[in-house]
Amino acid sequence: MESITSPKNQISPAPETSPQTSIPAMVSPPGPLGERRTGKLRRRRRRTLTETLAELFFKVNGYIAIALLGLIFIFLFKEGVKSLMEISPGEFLGHWALDFDDNRIFKYLWQPVGDEPRLSFVPLLTGSFIVALPATLIASVVGIFSGIYLAELAAPRVREVLKPVVEFLAGIPSVVIGFLCLTTVATLLQTVTGSHFRLNALVAAVGVSIVVVPIITSLTEEAIRAVPDDLREAAYGLGATRWEVIYKVLLPAGVSGISASIILGMGRALGETMIVLMAAGNAGLVTLNPLSSVRTMTATIAGELGAAAEGSLEYHVLFLVGAALFTITFFLNLTAETVIGRMRKKLRQ
Amino acid sequence: MSISRNSYGILFESLCRGMTMLAFFVLVLILGKIFLNGYQIVTWEFLSMAPREGMTEGGIFPAIFGTIAVTFLMLIMVLPLGVGAAIYLVEYAGDGRAARIIRAAVNNLAGVPSIVFGLFGVGFFVLFLGRNIDAALGQGLIFGQPAMLWASATLAVLTLPVIIVTTEEALRAVPLSHREAAYALGATRWQVIQGVVLPQARAGILTGAILSVSRGAGETAPILFTGAAYFLPRLPVAEIPWLGIPMINPLDQFMELAYHIFIMATQSTNPTETLPIQYGTTLVLVALTFLLNLTAITLRFFFRREAAGR
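Protein chains in written order, with numbering that gives the first Met the number 0: chain A, 0 to 348; chain B, 0 to 309.
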């Protein structure tokens, strides 16, 4: 009875024969001394403790990525939602105003400072898209063609040189591109287009496209390369030229990856801050003219949060703008991510 | 028929080549423009002096110091976190449900607009963490205001995906057979990670670290409201209490290269007069990020070749 309850007695009297021993026979070779056995046991425990702690540590790190995304969501909306309690949601669309002939007209104004703040999101939304759409268009043309070139046409040695070019382009800080847009591109485009505004949506779009091109190029290249060689060889075997293989086989096969790259590029273009802040002119106009000065959501936050008093209406509204921006890019990213994930899965099969 | 087939092909291929060349020329133009306008101003004095005469003269040393300090702090925060997460993804989670969700979150985090990180930095780090620490300490306003600590924490969140993705690639490049050999010798999982996987993945992890520094040094929007300052008469340096050793003061504000360019180009009283300084600062920033990227790409080239040879 005593030998069962007391572990010391359990091990020391007859180690080889005791069936109740808690130590598996494989890891503890029979030894003459009980002391050494308990030492082994302790070391083993410490080892499993290290194992458990290590796994826990890595697991926590892994889950922090999810937690951060959740925290961004929570803290943007937490501040942003407060503005909904201060003014009616209709104010975010626009307001009725009297014009000279005493007609009531609906105005879309962004004037957050003053006695009667006007907080229409419409100019900010149109501003963001009037920059992001042309930027994505330019970047798609350059990115898709250069992606095809890098994947299919370039000699391996040429590719070794040109691929880093794309990465260097991606590595240029956006404030530098914004600075060059402000000083050089703006003047250049004004002489070409003769636009009224020196800083306008097109200037910003050209700058933003430089940031988006690397994304579209590298993902297009990946999508084209992901097409199995069997398909290429079958097409060449049927007598197709290189152009026909690309046009009739590779592009249809890679279309999902390429469209995902455009969606991702669009998300990046909508979220670009410094370039639009420096080059788009920041006038809150509702317009579809790319040669007009516009104010985007990102530039509004960057330009005004510093001056907004903490806890004021403007402060909360700017967080709401950020929450809206985050939601838009979140869904664009999620869509692209799903498509790319499906493409990679197919590739693995 | 064969003529039209061929001419389409030639047109298309030259279009592809032309667009790639366009990207190449844009890069050359950007770098050339910055270099030609900036190289005369970048002297030793410019690099080692503080701004003078209301920022119209003098150098940019505080901005260089601030950039290095803030990215250094950022790296200390993000490297263990990112490498740990990547180890969990590759060595523990495999392709399970948890790993898929984490990967989706990481990819989505990589696409979050940089200004949203800035808002998050203010809302979470400065106002929530900082103010709560202050309330707990009861010493007045110490943590609850923009500071280098919060700016680097914000940048750490921003660069986390960079570290995770590159570390994951590096860990995957370690052959499974090496792990199996270690397991067969009785090693535990942690022993395999520590003794077999991590030593082989060192070059890849270093690549990720360099890329994240380059990315962090170039970002402006996240630090606009979390700690960057227009002008500071002093460096963000403090002495460690009782020891008298100077160190970076993470509770101070700081000047930063990217922010300096933005401020000088848009907010200063005479942007045309200070244009040479702006170009000089831009050259320094571009040279810094370019060299970091070059190092990372070269390093990755060799580690990929080594991995392919294994």
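By construction, these hints were calculated from the structure, which means they are not laboratory data. Warning: the hint list may mix true and false statements.
Dumping the calculated EDC-like pairs for lysine to aspartate or glutamate here, alpha-carbon to alpha-carbon at most 16 Å [claimed, not checked]:
hint : chain 1 : residue 1 : chain 2 : residue 2
1    : A       : K344      : B       : D94
2    : A       : K81       : A       : E313
3    : A       : K162      : A       : E151
4    : A       : K58       : B       : E12
5    : A       : K77       : A       : E309
6    : A       : K106      : A       : E85
7    : A       : K345      : A       : E159
8    : A       : K58       : B       : E90
9    : A       : K81       : A       : E309
10   : A       : K345      : A       : D229
11   : A       : K247      : B       : E90
12   : A       : K81       : A       : D100
What hints, given by number in increasing order, does this structure fail? Hints 4, 6, 7, 11, 12 not satisfied by this model.
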